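Position chain G relative to chain D; hints supplied.
These protein sequences, in sequence, are chains D and G. Sequential numbering of the first sequence, starting at 1, is according to our numbering. Sequential numbering of the second sequence, starting at 1, is according to our numbering.
Hints were generated in silico from the structure; no laboratory data involved. None of these values were measured; they are calculated from a predicted model. Hints may contain errors.
Stretches of chain G that chain D covers, calculated by requiring three or more beta carbons in the stretch to come under 8 angstroms of a beta carbon on chain D [claimed, not checked]:
no., stretch
1, 11-23
2, 74-87
3, 90-96
Sample of chain G residues at the chain D side, in silico, Cβ under 8 angstroms [unchecked claim]:
no., residue
4, ARG3
5, ALA6
6, VAL7
What follows is a set of in silico ranges between Cβ atoms, one per label pair, in the way DEER data are often shown [as the list claims (entries may be wrong)]:
no., chain 1, residue 1, chain 2, residue 2, range
7, D, ARG133, G, ILE5, 31 to 37 angstroms
8, D, GLU116, G, GLU161, 42 to 48 angstroms
9, D, GLU27, G, LEU16, 42 to 48 angstroms
A virtual CB, placed ideally from N, CA and C, is assigned to each residue, including glycine.
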Amino acid sequence: MSAIVAESVSHWFGSEPALDAVDLVVERGDHVAVLGENGAGKTTLLRILATALRPSSGKLEIMGLDALRERRRLRGRMGYVAHAPGIYGALTAEENLAFFCDLRGADRARVPEALELARLTQVARRRASELSRGMQQRLAIARAVLHDPLLLILDEPDASLDAEGADLIAAVMNGRTAVLATHDQALATRLCQRTLTLRKGRVLGQGSRLRIVQ
Amino acid sequence: MTRSIAVAVAIARKDLVAEWRTRELVPALAQFVVLALVIANFGFQIDSRSAPAIAPGVLWLALVFAGLVAFGRAFAAEREQATLEAVLLTAAAPAAIFAGKALAAGLLLVLCEAVLLPALALFFGVPISFGLVFAVLLATVGMAALGCLFAAMVAQLRARELLLPLLTLPLWIPFIVAGGQAVQVAMGADGTMDQALKLLLDFDILFVVLTSLAARFVLDD
Numbered sequence: 001m002s003a004i005v006a007e008s009v010s011h012w013f014g015s016e017p018a019l020d021a022v023d024l025v026v027e028r029g030d031h032v033a034v035l036g037e038n039g040a041g042k043t044t045l046l047r048i049l050a051t052a053l054r055p056s057s058g059k060l061e062i063m064g065l066d067a068l069r070e071r072r073r074l075r076g077r078m079g080y081v082a083h084a085p086g087i088y089g090a091l092t093a094e095e096n097l098a099f100f101c102d103l104r105g106a107d108r109a110r111v112p113e114a115l116e117l118a119r120l121t122q123v124a125r126r127r128a129s130e131l132s133r134g135m136q137q138r139l140a141i142a143r144a145v146l147h148d149p150l151l152l153i154l155d156e157p158d159a160s161l162d163a164e165g166a167d168l169i170a171a172v173m174n175g176r177t178a179v180l181a182t183h184d185q186a187l188a189t190r191l192c193q194r195t196l197t198l199r200k201g202r203v204l205g206q207g208s209r210l211r212i213v214q
Numbered sequence: 001m002t003r004s005i006a007v008a009v010a011i012a013r014k015d016l017v018a019e020w021r022t023r024e025l026v027p028a029l030a031q032f033v034v035l036a037l038v039i040a041n042f043g044f045q046i047d048s049r050s051a052p053a054i055a056p057g058v059l060w061l062a063l064v065f066a067g068l069v070a071f072g073r074a075f076a077a078e079r080e081q082a083t084l085e086a087v088l089l090t091a092a093a094p095a096a097i098f099a100g101k102a103l104a105a106g107l108l109l110v111l112c113e114a115v116l117l118p119a120l121a122l123f124f125g126v127p128i129s130f131g132l133v134f135a136v137l138l139a140t141v142g143m144a145a146l147g148c149l150f151a152a153m154v155a156q157l158r159a160r161e162l163l164l165p166l167l168t169l170p171l172w173i174p175f176i177v178a179g180g181q182a183v184q185v186a187m188g189a190d191g192t193m194d195q196a197l198k199l200l201l202d203f204d205i206l207f208v209v210l211t212s213l214a215a216r217f218v219l220d221d
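Here chain D stands alone, though its shape is the one from the complex (with noise of 0.2 angstroms):
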């Protein structure tokens, strides 16, 4: 059974196609890069994926499952990192993440192993808003994750990151299913076997690891 199936999935936002007519497949484990330009409809397709965005028309399975009527099931399955952090500022890293554990159901000593894979259990007590930029973006990483998600779905999180970030990314990635939306096409071409490249909402191309690197 694959990971994600779409069928025709399209989104207007007014009377703009976001995205039009996007078929997809990931198989279970399978790692896919979306590629595309800015307003290609790269967050449109990845917050769908998600479910935080109900497609305007399309059939979409996840995981064996309607994304459209079982979502709160799916939610508990899957990980997102939006393209902001999406933190609470006044929280502590540590309180952030436990905060998640809770919603989540998830262990809270999970926490400690989630600061130590994001790499921020030095700063685990300061409050999210005294930290960077990227370490916000790592600590919403580190949360994605917090329940052991099968499938993430990982909008641009290269964004504010330095080396060690891609790093994590491909920690995360590793082992589970991975929808990334990304500029860089190096980071493509290194955590994604496939790529799918979007213009103005459509689906320009599918491709392997190959067809990035010519």
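Quick look at chain G alone, frame taken from chain D:
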């Protein structure tokens, strides 16, 4: 059920910790209610005979406007930090998320009431009885439920500051009518308080149930 309670408690605790550390809302609201009482004190000719007639209206006006600010902030802070989506994508029940937000906002309003009621006694010379406090607390429950639901509904809209009072105030009228009656009786007017308190309790039950059911459609869709 236990899981939903745990989620609601986690959300409320997070909001209260954030408010304790930032002190964004409660000090400003406390100043606002005291200033409202000062203005009312100068605006009306208050003596021992007129005070019990004027004080209930001033109390509810101050409470309603403080409530609009408190409940509006409940979701505005999430919008500013782009955190609401992360919370909704955790698979936690929307009703539990909503209950946690309403609980925290309601408790913050209760803190303002702890300033408002003694200040009302000071400026207007009216007695603050157990019945009065109970009536205000009962009204706060229902007002918090409705206020937070509409705050969630308008959080992503551009004209949210205008829309929140327009949507919320008409549905708060039952609380103001029943609560106003209870407060007037507590301040010496004729009538019985029991009926007004029972009515407030009925409204609380009705609106807490309705808003919990509606939360799913507002937060998730």
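Hint check results:
1. Taking a C-beta to C-beta cut-off of 8 angstroms, the stretch 11-23 of chain G contributes 6 residues in contact with chain D, enough for the three needed, and the coverage statement holds.
2. Coverage of the stretch 74-87 of chain G by chain D holds [criterion: at least 3 residues with CB-CB distance below 8 angstroms; count 6].
3. Three residues within the 8 angstroms Cβ limit are the bar, and the stretch 90-96 of chain G against chain D gives 4, so the coverage statement holds.
4. Residue-level restraint check for ARG3(G) holds (minimum Cβ-Cβ distance to chain D is 6 angstroms; threshold 8 angstroms).
5. Annotation: interface hint on ALA6(G) holds; nearest CB of chain D at approximately 6 angstroms, less than 8 angstroms.
6. At about 6 angstroms, the closest approach between the beta carbon of VAL7(G) and any beta carbon in chain D falls short of 8 angstroms, and the interface hint on this residue holds.
7. Checked against the hint of 31 to 37 angstroms, the C-beta distance between ARG133(D) and ILE5(G) comes to roughly 36 angstroms, which is consistent with it.
8. At about 43 angstroms, the beta-carbon gap between GLU116(D) and GLU161(G) stays in the expected band of 42 to 48 angstroms.
9. For the pair GLU27(D) and LEU16(G), the beta carbons lie near 45 angstroms from each other, so the given range of 42 to 48 angstroms is met.
Going down the numbered hints, you'll see the structure goes against none, and every one checks out.
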